[in-house]
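Line order of the protein sequences matches chains Y and L. At position 70 of the first sequence (counting the first as 1) the number is 70 in this note's numbering, and the numbers step up by one without a gap. At position 217 of the second sequence (counting the first as 1) the number is 217 in this note's numbering, and the numbers step up by one without a gap.
Everything labelled a hint here was simulated from the structure, so no lab data went into it. Some hints here could point you the wrong way.
To spell it out: a stretch of chain Y is covered by chain L in this simulated footprint if at least three of its residues, at any positions, have a beta carbon under 8 Å from a beta carbon of chain L; those stretches are [unchecked claim]:
(1) 24-32
(2) 56-68
(3) 155-165
(4) 207-220
(5) 231-244
(6) 263-272
Simulated crosslink set (DSBU-like; lysine-lysine; CA at most 35 Å straight-line) [said to hold, decoys possible]:
(7) 277/L to 132/L
(8) 277/L to 282/Y
(9) 205/Y to 277/L
(10) 49/L to 132/L
(11) 205/L to 132/L
(12) 326/L to 132/L
Computed Cβ-Cβ distance ranges for the label pairs, DEER-style [said to hold, decoys possible]:
(13) 245/L to 143/Y: 30 to 40 Å
(14) 156/L to 278/Y: 18 to 28 Å
(15) 284/Y to 273/L: 39 to 49 Å
(16) 101/Y to 83/L: 41 to 51 Å
(17) 64/Y to 107/L: 24 to 34 Å
(18) 153/L to 81/Y: 52 to 62 Å
All values derive from a computational prediction rather than experimental measurement. A virtual CB, placed ideally from N, CA and C, is assigned to each residue, including glycine.
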Amino acid sequence: MNPLLSIQNLHVSFRGRRTTARALEGVSYDVFPGETVCLVGESGCGKTVSALSILGILPVPPAEVTQGAILFEGRDLLSMDEDGLRDVRGNRIAMVFQEPMTSLNPVFTIGDQIGEALRAHRSMDEAAIHDRCASLLRDVGMPSPEQRLRDYPHQLSGGQRQRAMIAMALACDPALVIADEPTTALDVTIQVQILNLFRDLQNRKGLSLLYITHDLGVVAQIADRIYVMYAGVIAEHGRAHQIFHQPRHPYTQGLLASLPGRTRRGRPLHSIEGVVPDPAYKPQGCPFHPRCTLAEPACRSEFPDLCDWGDDHKARCPVLFQNSQAEASA
Amino acid sequence: MTTAASPTAPVLEVHGLVKHFPVRRGFLQRTVGHVKAVDGVDLFLEAGKTLGLVGESGCGKSTVGRLLLKLMEPDAGRILYQGTDISLFDRRAMAPIRKDMQIIFQDPFGSLNPRMTVGQTIEEGLRILGIKPGPERTGRVEELLGLVGIDPSAADRYPHEFSGGQRQRVGVARALSVEPTFVVCDEPVSALDVSIQAQIINLLKDLGSRLGLSYLFISHDLNVVGYISDTVAVMYLGHIMETAPADDLFDQPLHPYTQALLEAVPVPDPDRRTERKVLGGDVPSPFNPPPGCKFQGRCPLVEARCREHEIPFFDAGQDHRVRCWKVMDGRDGLSPNGIPDRGE
Numbered sequence: 001m002n003p004l005l006s007i008q009n010l011h012v013s014f015r016g017r018r019t020t021a022r023a024l025e026g027v028s029y030d031v032f033p034g035e036t037v038c039l040v041g042e043s044g045c046g047k048t049v050s051a052l053s054i055l056g057i058l059p060v061p062p063a064e065v066t067q068g069a070i071l072f073e074g075r076d077l078l079s080m081d082e083d084g085l086r087d088v089r090g091n092r093i094a095m096v097f098q099e100p101m102t103s104l105n106p107v108f109t110i111g112d113q114i115g116e117a118l119r120a121h122r123s124m125d126e127a128a129i130h131d132r133c134a135s136l137l138r139d140v141g142m143p144s145p146e147q148r149l150r151d152y153p154h155q156l157s158g159g160q161r162q163r164a165m166i167a168m169a170l171a172c173d174p175a176l177v178i179a180d181e182p183t184t185a186l187d188v189t190i191q192v193q194i195l196n197l198f199r200d201l202q203n204r205k206g207l208s209l210l211y212i213t214h215d216l217g218v219v220a221q222i223a224d225r226i227y228v229m230y231a232g233v234i235a236e237h238g239r240a241h242q243i244f245h246q247p248r249h250p251y252t253q254g255l256l257a258s259l260p261g262r263t264r265r266g267r268p269l270h271s272i273e274g275v276v277p278d279p280a281y282k283p284q285g286c287p288f289h290p291r292c293t294l295a296e297p298a299c300r301s302e303f304p305d306l307c308d309w310g311d312d313h314k315a316r317c318p319v320l321f322q323n324s325q326a327e328a329s330a
Numbered sequence: 001m002t003t004a005a006s007p008t009a010p011v012l013e014v015h016g017l018v019k020h021f022p023v024r025r026g027f028l029q030r031t032v033g034h035v036k037a038v039d040g041v042d043l044f045l046e047a048g049k050t051l052g053l054v055g056e057s058g059c060g061k062s063t064v065g066r067l068l069l070k071l072m073e074p075d076a077g078r079i080l081y082q083g084t085d086i087s088l089f090d091r092r093a094m095a096p097i098r099k100d101m102q103i104i105f106q107d108p109f110g111s112l113n114p115r116m117t118v119g120q121t122i123e124e125g126l127r128i129l130g131i132k133p134g135p136e137r138t139g140r141v142e143e144l145l146g147l148v149g150i151d152p153s154a155a156d157r158y159p160h161e162f163s164g165g166q167r168q169r170v171g172v173a174r175a176l177s178v179e180p181t182f183v184v185c186d187e188p189v190s191a192l193d194v195s196i197q198a199q200i201i202n203l204l205k206d207l208g209s210r211l212g213l214s215y216l217f218i219s220h221d222l223n224v225v226g227y228i229s230d231t232v233a234v235m236y237l238g239h240i241m242e243t244a245p246a247d248d249l250f251d252q253p254l255h256p257y258t259q260a261l262l263e264a265v266p267v268p269d270p271d272r273r274t275e276r277k278v279l280g281g282d283v284p285s286p287f288n289p290p291p292g293c294k295f296q297g298r299c300p301l302v303e304a305r306c307r308e309h310e311i312p313f314f315d316a317g318q319d320h321r322v323r324c325w326k327v328m329d330g331r332d333g334l335s336p337n338g339i340p341d342r343g344e
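Please work from the sequences and hints to get the whole structure.
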């Protein structure tokens, strides 16, 4: 099966007056039809930058795509002109943002905003658009949808706003939905509702979901496959159970071990010492080496390769890989 | 202090704490209702222990923290700090106790003055409360920076030169500068990345046991609260719904809200991806809440009596209290007097 979306060796830099921040350095990932892929990483690792570059909505300048390709349904989005992109954006690929309050326009009704994509991409009359909007709101489980269409964003609760955002994204039956931290601003009991909604929509409509988050609990609940990002690099990727049960990168291992929980009470939490590197001053070699307990001299000078652990599970840590091979042959 | 605290004595005891904020509208600014942020809260914190206060946004947990420190005046209720009722103390009466009670805020970006060096920030409390003369203060600042894991030479630097995790360490150093016994931690790790969050939690835990601190740990994150707390109180719309030792609360949650809350926490294990019972509805507004049980609008067990009567706080076991009579049904001899029977 061909991937629906394929990011290949993407490099993105932000040019400052004095320094250049390398936000992405050779990021590659695929999303296949009907699957949920999670991009997980801490703030500043480049997960949102990669999503914005798919839609061509990076602020250029200061941002600049210096290398790479973004293939969607076989076409390279990076070489497409603005008209072509507009045809894809909101139509074939839609995005759900983190902050439903700031990403909805406060002076238009919910109905206006859901209908916007339909007016842009479909030739439908207003009555048909109204019906379609109402049925979209019903689809996302909004209580009394007809009435909500006439409401303004401030009249909805946080959870309802996020449902409206999802209805907007689904307006044109996109093949791919990119969701950037869609539940981070919500309370846990509301988060569950939204996660279930995503799962349900995916089963019903067969869409692909690229889900960006820092929350490993959420990732475990919805991901088919996971890409772990660190400092603009994919550190490890694999299926959900591989990443959670057999992590093969010291960063992934550290993240999982540092999760607080009741069962870990009484013992100090594992913590990854140090801080995420400034993208303008990244270390030589493996970007994780200053915080890594396994770092060897080679890690300080050579950029690590992706090591293949089999069954589509790959991690960018040759040290762990060689250790395990040495154990296997011993 | 008149009563010397014995090791098992509570640092803090709170009874019936109330704070309502009037909502005014219109030209005459008439009061049209109240936001019942805190509506009769009882808490108990033993010396050297950590009490976790969990709840969703708007439940009033931060207001409780501010009331306990007397950063706001309560409308009713008693706050016993080491046996002394401080709820009616004015500014002057509070002055001697101020150094015993400190707070660590959520946002390490907003809670440090950008125009002061971190050294000045940490020193400020010592200076204002006149705890140490000038020359000794510099040494104390360096000692505190070392205590929270920051190079003491960084005292002359400004907050923007630090990362979020380091700023939160400065916030901890500032709180500890005056040697408090009781510290309110208001969402202290919510703004931090996972790898940094673990560093700060470990720091708080370590300092807590070394310095014998008692914490009120306010958070919406059940994983963090479950890790750090000895006792947990679950808050909803200004009420404590359930309180119990942490293990009891997580193993045997009694209140339907606690159960729903625990159920909603995403488990970081893809093999435990069960269809979850979902709590319908939204987190309600604390503006003019309904009479009776505050959880009635979302409760799967709701009955007529829940809408009519205030629900008492039942004893449901060793230090385990719950504000729901459904879970008390069928428990013999536990019903307090004056509680209407089902269907009344």
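Quick rundown of the hints versus the structure:
1. 24-32: Coverage by chain L is violated here, the residue count being 0 at a Cβ distance below 8 Å.
2. 56-68: violated (count 0)
3. 155-165: Since three or more residues must qualify, the claim that chain L covers the region 155-165 of chain Y holds, with 4 doing so at under 8 Å.
4. 207-220: It holds, with 7 qualifying residues against the three required.
5. 231-244: holds (count 3)
6. 263-272: holds (count 7)
7. 277/L to 132/L: Violated, at roughly 56 Å.
8. 277/L to 282/Y: 45 Å, violated
9. 205/Y to 277/L: 23 Å, holds
10. 49/L to 132/L: 28 Å, holds
11. 205/L to 132/L: 27 Å, holds
12. 326/L to 132/L: 56 Å, violated
13. 245/L to 143/Y: 30 to 40 Å: 38 Å, holds
14. 156/L to 278/Y: 18 to 28 Å: 21 Å, holds
15. 284/Y to 273/L: 39 to 49 Å: Holds - the Cβ-Cβ distance for residue 284/Y and residue 273/L, about 40 Å, lies within 39 to 49 Å.
16. 101/Y to 83/L: 41 to 51 Å: With Cβ atoms ~45 Å apart, the hint holds.
17. 64/Y to 107/L: 24 to 34 Å: 32 Å, holds
18. 153/L to 81/Y: 52 to 62 Å: With Cβ atoms ~55 Å apart, the hint holds.
Comparing the model with each numbered hint stated earlier shows that hints 1, 2, 7, 8, 12 do not hold.
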